[in-house]
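Going down the list, the sequences are from chains C and Y. Note that this note's numbering numbers the first sequence so that position 60 is 60, with each residue one more than the last. Note that this note's numbering numbers the second sequence so that position 85 is 85, with each residue one more than the last.
By construction, these hints were calculated from the structure, which means they are not laboratory data. These numbers were taken from a predicted model, which means no experiment stands behind them. Positions of the beta carbon are idealized from the N, C-alpha and C atoms, including for glycine. Warning: the hint list may mix true and false statements.
For each label pair, taking beta carbons as the anchor points, the in silico distance ranges come out as [as the list claims (entries may be wrong)]:
1) C:62 to Y:26: 18 to 26 Å
2) C:27 to Y:43: 32 to 40 Å
3) C:78 to Y:47: 39 to 47 Å
4) Y:15 to C:88: 18 to 26 Å
5) Y:56 to C:64: 46 to 54 Å
6) Y:91 to C:85: 44 to 52 Å
7) C:41 to Y:37: 17 to 25 Å
8) Y:63 to C:72: 45 to 53 Å
Number of protein chains: 2
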Amino acid sequence: MTNQLDSFFGAMADPTRRAVIERLASGPASVSELHKPHDMALPTFLRHLKVLEDTGIVRSIKKGRVRTCHIEAGPLIEAQGWLAWQREIWESRLDRLETLAHQISKDSEGETNDA
Amino acid sequence: MTNQLDSFFGAMADPTRRAVIERLASGPASVSELHKPHDMALPTFLRHLKVLEDTGIVRSIKKGRVRTCHIEAGPLIEAQGWLAWQREIWESRLDRLETLAHQISKDSEGETNDA
DNA sequence: TCAATAGTTAGCATAATGACTTACTATATT
DNA sequence: AATATAGTAAGTCATTATGCTAACTATTGA
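My request is simple: use the sequences and hints to build the entire structure.
Dropping the structure here:
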């Protein structure tokens with residue numbers, strides 16, 4: 001993966017990792033606490049956690065034998081911004097698109113819609 | 001990939017596909033138009049497009065030999081909503097987190113921060 | 001009708017992802 | 001000191017993703 005958004009979206013594309021985010025949004029937790037609800041070997045889960053850390057979405061500190069994880073909001077905000085931006089552009093074109101949709105439905109008797 | 005968000009985030013995790021979205025946000029385009037700026041074989045590009053269509057982010061209609069693609073805003077809005085929701089939860093905990101951060105930095109002389 | 005254009009299908013190679021087990025280290029607890 | 005707990009590391013394996021080339025179909029234009 002190349003840039004910031006690549007790795008962020010990649011990280012969010014997995015339900016386990018999204019669940020971790022959802023959990024951490026309401027406060028920090030240890031690795032075992034985070035792991036508990038997931039029916040999956042610990043090492044496997046750790047790699048999901050590593051993906052989140054590598055992307056900068058999650059930070060952690062280890063105290064004694066316990067590692068405590070928490071969310072870092074930056075990437076989240078950035079991604080939300082990108083989506084908002086796209087949507088803004090798209091919405092500013094709504095009228096033109098509607099015109100075009102008319103055009104299309106008028107012109108195309110016998111168009112296909114499938115892949 | 002299992003649910004709506006999985007496939008959406010998965011689709012957005014690729015720079016080529018995000019570029020297509022960025023292009024389509026400002027108006028519909030044919031397959032060749034979309035392909036042009038990407039240094040990649042057409043069949044390869046078509047598969048990216050298929051990912052976007054399968055996810056419901058892009059729709060298309062074929063008229064004659066030309067397939068015209070356009071954006072479907074639904075998934076975009078949904079994902080933005082999910083991010084906003086997480087952020088909201090997180091932000092409502094800011095005070096508590098700061099308290100906790102104090103706690104941690106007070107308690108931990110000799111913690112590690114690495115993976 | 002013949003050639004060019006637009007897109008599609010099929011098949012293959014390689015890399016990345018996600019899961020597992022086994023074995024290990026470091027820190028509490030008793 | 002011995003045991004339990006919390007987390008890591010290493011290595012394997014199956015599946016999915018991403019890229020390619022070659023060959024093919026359907027439309028349009030000369």
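For each hint, the structure was consulted:
1. C:62 to Y:26: 18 to 26 Å: With Cβ atoms ~47 Å apart, the hint is violated.
2. C:27 to Y:43: 32 to 40 Å: 48 Å, violated
3. C:78 to Y:47: 39 to 47 Å: Taking Cβ atoms as reference, residue 78 of chain C and residue 47 of chain Y lie about 27 Å apart, which means the hint is violated.
4. Y:15 to C:88: 18 to 26 Å: 20 Å, holds
5. Y:56 to C:64: 46 to 54 Å: 47 Å, holds
6. Y:91 to C:85: 44 to 52 Å: For residue 91 of chain Y and residue 85 of chain C the Cβ distance comes to about 21 Å; the hint is violated.
7. C:41 to Y:37: 17 to 25 Å: 43 Å, violated
8. Y:63 to C:72: 45 to 53 Å: 47 Å, holds
Checked against the numbered hints listed earlier, the structure breaks hints 1, 2, 3, 6 and 7; every other hint is satisfied.
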